[in-house]
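A.B. asks: If you want the building blocks of each chain, they are given just below.
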Amino acid sequence: MSDDVVLYIVIATALAFDFTNGFHDTANVVATSISTRAMSPKVAVTFAALLNFVGAFISLEVAATIASGIVNPDDITSTIVFAGLIGAIAWNLITWYFGLPSSSSHALIGGVVGAMIAAVGTSAVDGESLLGKVVVPALIAPIVAFSVAGLAILLAYRIVGRLRPGPVNRGFRLGQVASGGMLALAHGTNDAQKTMGIITLALIAHGSIDPNNFHVPTWVVVSSATAIALGTYSGGWRIIRTLGSRIIKMDTAQGFSAQGAGAAVILASSHFGYPLSTTHVISGGVMGAGAARRLSAVKWGVAGNMMVAWVLTIPMAGLIGGAAYGLTRVFGTGALGPVVVSILCIGLIAAVFGRRLQRGSVISAEAA
Amino acid sequence: MLATIVDWKTLGQVAAASFLAGVGVTTAFSFAIMGGTRMVDMRRQGRSVEAGAYGALLILSLVASAAAVAFGVIVMTAK
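Quick note, the sequences are listed as chains A and B, same order. According to the working numbering, the first sequence holds residues 1 to 368 in order. According to the working numbering, the second sequence holds residues 1001 to 1079 in order.
Since the hints were made in silico from the structure, they are not lab data. Being a predicted model, the structure only gives us computed values, none of them experimental. Cβ coordinates follow ideal geometry from the N, Cα and C atoms, glycine included. There could be a bad hint or two in this list.
[Unchecked claim] What follows is a list of derived Cβ distance ranges for each label pair: (1) 219(A) / 1064(B): 35 to 43 Å; (2) 1049(B) / 165(A): 44 to 52 Å; (3) 1064(B) / 339(A): 53 to 61 Å; (4) 165(A) / 1064(B): 38 to 46 Å; (5) 296(A) / 1074(B): 36 to 44 Å; (6) 1070(B) / 43(A): 20 to 28 Å; (7) 98(A) / 1049(B): 53 to 61 Å.
[What the hints assert, rightly or not] Partial list, computed: chain A residues near chain B (C-beta under 8 Å): (8) 128; (9) 136; (10) 144; (11) 163; (12) 171; (13) 178; (14) 182; (15) 186; (16) 189; (17) 256; (18) 260; (19) 267; (20) 270; (21) 271.
So here's chain B without its partners, still in its complex pose (with noise of 0.2 Å):
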């Protein structure tokens, strides 16, 4: 009775679209957070190259992140 009772495929798609978004925007904001630590500590040793380098990884999840959080509103104000 529940097979037909309950909207499986779109229960699917919440629960994919879930895992991707939720999993994804930690994921992103986590090496936003190591690229940021790594970058001083690189920074501090003077080794700029691989400073560069965490600075860009710092960069490209903060934009991540951030265009996570603009989708979110877009969402919101599609509804």
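If we strip away everything but chain A, and leave its shape as in the complex, we get (with noise of 0.2 Å):
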């Protein structure tokens, strides 16, 4: 009965961070086509949002699951699994409120290794596995997003600088529909692929279903399709908001080629097996299509404070789901943790969102 209820609440709080993860990363998607006004911003999202659901279909391989090979995988439990969901909810909707796009993937590998950290010790943590599979990566992703993007602009405004403005912007406007479905069915590849790992692990350790017949439930598939499409549809606008317009104004060109680069360097990444993050690939790829037109087009007090929220997610993450877990266990090993930490999260969520609602729609400010 404990280990029932103990599933029943991963499940869900997977679910809420597959939710908080699309809507977090709508900006990755979306960002650049509204600021161009290649789409409007409902259209947008609702494009998106579709695609989102289609790509969480396209590929069921989940055998390479989240934080694989940098926790031990005998050490994990499923309240391991919920602490470090919680920390990395909490670390989506931090950097949301104050509209800073970050990594959903870190975060969760941030909030499961503070968790496991909290659980076993840093023994059951691979340090140099941390540093060469994620950290390394996370740097070099928007170096290189930033180098193709650059490049690109400056070989598109060579081509088509002499030409209309009119059937070039048109051209461009165009282009980004394309280049725009195509990040969001990488993202819902990928993104959506995390959730339905971790669901499908804690079925596994439940014992619903047998390890050596590994299977993604359909049931898994939808529910993790659903959630995360619900999340991108909602749109987080603050961080659209940055992305779009707040880190460097955009023209057509631009918006082409940051989001040409980011799905070329994303894909390009799941070829060869490197997974790199979809937040800072993009951003990178804007960043670099500002900059090379001219360097003091890039706000970089605004990529600065993006960079300072990327550097802090693994270990601020790691920390709230160390926290988590250490709350979790003052109730002892059953499902009573985890329910007075849901209980408590949900009433601080609504504490926040209540208080903004009652000094204005949350949803009418955003979308401003």
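Fit chain to chain and form the complex, with the hints in mind.
C.D. replies: Dropping the structure here:
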């Protein structure tokens, strides 16, 4: 009975994380399209939500689950996964509040690592793997995207620079529908997989799925795809504004170059099995497309705040994940801990959003 | 220490493929826009040979861009 309750809570928390993942990362996909008016905000988020949903069905290869090779899989328990998810959700909401794009994958890795350290100790975490698979790629991803988008926009300006602006803008706006669509598909495929993997692992740990007959149940695929699509549809307008207009004021060619570079880097990394953060790639692409035209076009203060958030993501999500695990264990090893922590989190989120709703509609303020 | 921890070879492949695909797609699509715009201009001026050449550039560039998108979808589904 207690195991069943913990399983239900882990599934609900994983789907809640999936929702915040879509909500938080909508900006990666739609910000440049909205900023260059390739699509209206409503059409852009609907388009992204639909393609995120479709993307979740494209690949069901969840063998490489989140944090694999970084933490010792033998030590993972449902409570650690739960606490890690709480850390990731909390960090996603904090960075959304400040309008900062940050990696949901890194938040999840940080949360699980923090909970693991609180539960087992540092011996359960492979520091070298964390450095090699997460930290170094996090530094390289924006640099590669920055360079690709920068070179791409320089060539694009050279080719279309002397043409009439009307057809050029219309052309690149049309191109952004395709490049934005590719990003949304890639995002749905990559990120919904994380939730599917976590729920499937929880089902295996519970004994609902035979580990020798590893498969992802259809309801897991459909619910994960739905959660990420609904999150995307909700639209994290604060981050969309940061990525779409606060870093640089983009023209259509820059928007297309940033998205094209982003899609190319993400797909190349998928092809070679070297996962990179979608957020870091797109942000790097946006900065590269802006800086190539004029270095001062990029608001480096905003970019600096974003990079601070990137550096803090793993330690802060880890700290919250560790604290959530500690709080859970205060109530013993049964289901009471996760139940109490879940109620506390829901209450905290409701209080924050309730206060904002009292001050004025969140949605109207954000969409304005 | 970083030399052994990080898979630099794969990272180099990712960077090279990203440059090829990212710069290639933007360049191809820019040529498509150029081809389309110039084709219309040339047609208006009654220069049918140049209009045909720019039309061919438009089609070739669009095919290259579409091929890149199709390859991207294949990469996603083949994961």
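A.B. asks: Now, for every hint given, state plainly whether the structure supports it.
C.D. replies: Evaluation of the provided hints:
no., hint, result
1, 219(A) / 1064(B): 35 to 43 Å, "41 Å, holds"
2, 1049(B) / 165(A): 44 to 52 Å, "27 Å, violated"
3, 1064(B) / 339(A): 53 to 61 Å, "56 Å, holds"
4, 165(A) / 1064(B): 38 to 46 Å, "24 Å, violated"
5, 296(A) / 1074(B): 36 to 44 Å, "40 Å, holds"
6, 1070(B) / 43(A): 20 to 28 Å, "24 Å, holds"
7, 98(A) / 1049(B): 53 to 61 Å, "58 Å, holds"
8, 128, "5 Å, holds"
9, 136, "5 Å, holds"
10, 144, "5 Å, holds"
11, 163, "5 Å, holds"
12, 171, "4 Å, holds"
13, 178, "6 Å, holds"
14, 182, "5 Å, holds"
15, 186, "6 Å, holds"
16, 189, "5 Å, holds"
17, 256, "7 Å, holds"
18, 260, "5 Å, holds"
19, 267, "5 Å, holds"
20, 270, "6 Å, holds"
21, 271, "5 Å, holds"
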